[in-house]
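Using this note's numbering, the letters of the sequence shown map in sequence onto residues 165 to 328.
If you're looking for bench data, these hints aren't it; they were derived computationally from the structure.
Note that the structure is a prediction, hence the values are computed from the model and not measured.
Glycine included, every Cβ here is placed at the ideal spot set by N, Cα and C.
There's no promise every hint is true.
[Unchecked claim] Now the in silico label distances, taken between C-beta atoms and shown as ranges:
hint, residue 1, residue 2, range
1, 322, 225, 28 to 36 Å
2, 220, 273, 12 to 20 Å
3, 244, 220, 16 to 24 Å
4, 274, 226, 15 to 23 Å
5, 229, 275, 36 to 44 Å
6, 232, 320, 34 to 42 Å
7, 263, 218, 33 to 41 Å
8, 322, 221, 42 to 50 Å
9, 265, 322, 16 to 24 Å
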Amino acid sequence: MIRLTPRPATVLAAAAVLALAGCTPTPPAGPSEAVATPAATATAATTPSASAAVPTLVPAGSAAENLPLFADVVRAVWAGPDQVSGRAYVDALVAAGFDKSAMQVTPDATTIGNPAESIEFSVRWGEDCLVGQVGPSIGDPVTTVLPGLSTGACLIGQTRAIDW
């Protein structure tokens with residue numbers, strides 16, 4: 165019987181997601197709500213909003229400022245055929261402008277050759293790390309910003325060489 169032990173980064177990522185889950189603003193209810201008119205509806209439909217903006221890399225920005233792009237890339241790969249391929253995430257992140265030399269990724273397979281239940285990947289960004297986790301045991305992809313390790317790495321445990 166194989167006993168799986170959660171990695172500290174996984175536990176921290178899950179805790180961060182749970183902590184932030186209740187932090188979404190709720191719009192006011194009641195008579196103060198605006199009533200949409202046909203003219204207002206047409207304007208809203210034809211004018212792009214800031215929330216619909218496509219995330220872009222912010223080279224001089226923080227890890228938190230680059231999390232929207234990181235998360236979009238992860239969701240796009242997850243929606244494709246290579247959902248649990250570390251290389252697919254690394255390649256997509258590089259194509260989006262992230263530095264390959266600042267990345268780490270865990271193996272796609274277990275030590276006995278079975279597909280991994282989850283994989284993690286990261287990009288070191290200054291003192292912080294953009295961290296993603298995907299896999300059949302995870303459900304939807306998880307992305308977060310975590311503090312970098314004092315070793316200069318982001319992930320604890322076995323990672324594989326990014327030598328392509």
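Each hint tested on the structure:
1. 322 with 225: 28 to 36 Å: holds, 31 Å
2. 220 with 273: 12 to 20 Å: violated, 34 Å
3. 244 with 220: 16 to 24 Å: holds, 21 Å
4. 274 with 226: 15 to 23 Å: About 35 Å separates the Cβ atoms of residue 274 and residue 226, which means 15 to 23 Å is violated.
5. 229 with 275: 36 to 44 Å: Distance hint for residue 229, residue 275 holds at roughly 37 Å.
6. 232 with 320: 34 to 42 Å: Violated: the Cβ-Cβ distance is about 25 Å, outside 34 to 42 Å.
7. 263 with 218: 33 to 41 Å: The hint (33 to 41 Å, Cβ to Cβ) is violated, given that residue 263 and residue 218 are roughly 21 Å apart.
8. 322 with 221: 42 to 50 Å: violated, 29 Å
9. 265 with 322: 16 to 24 Å: holds, 19 Å
Violated hints, listed in ascending order, are 2, 4, 6, 7 and 8; each of the other numbered hints is respected by the structure.
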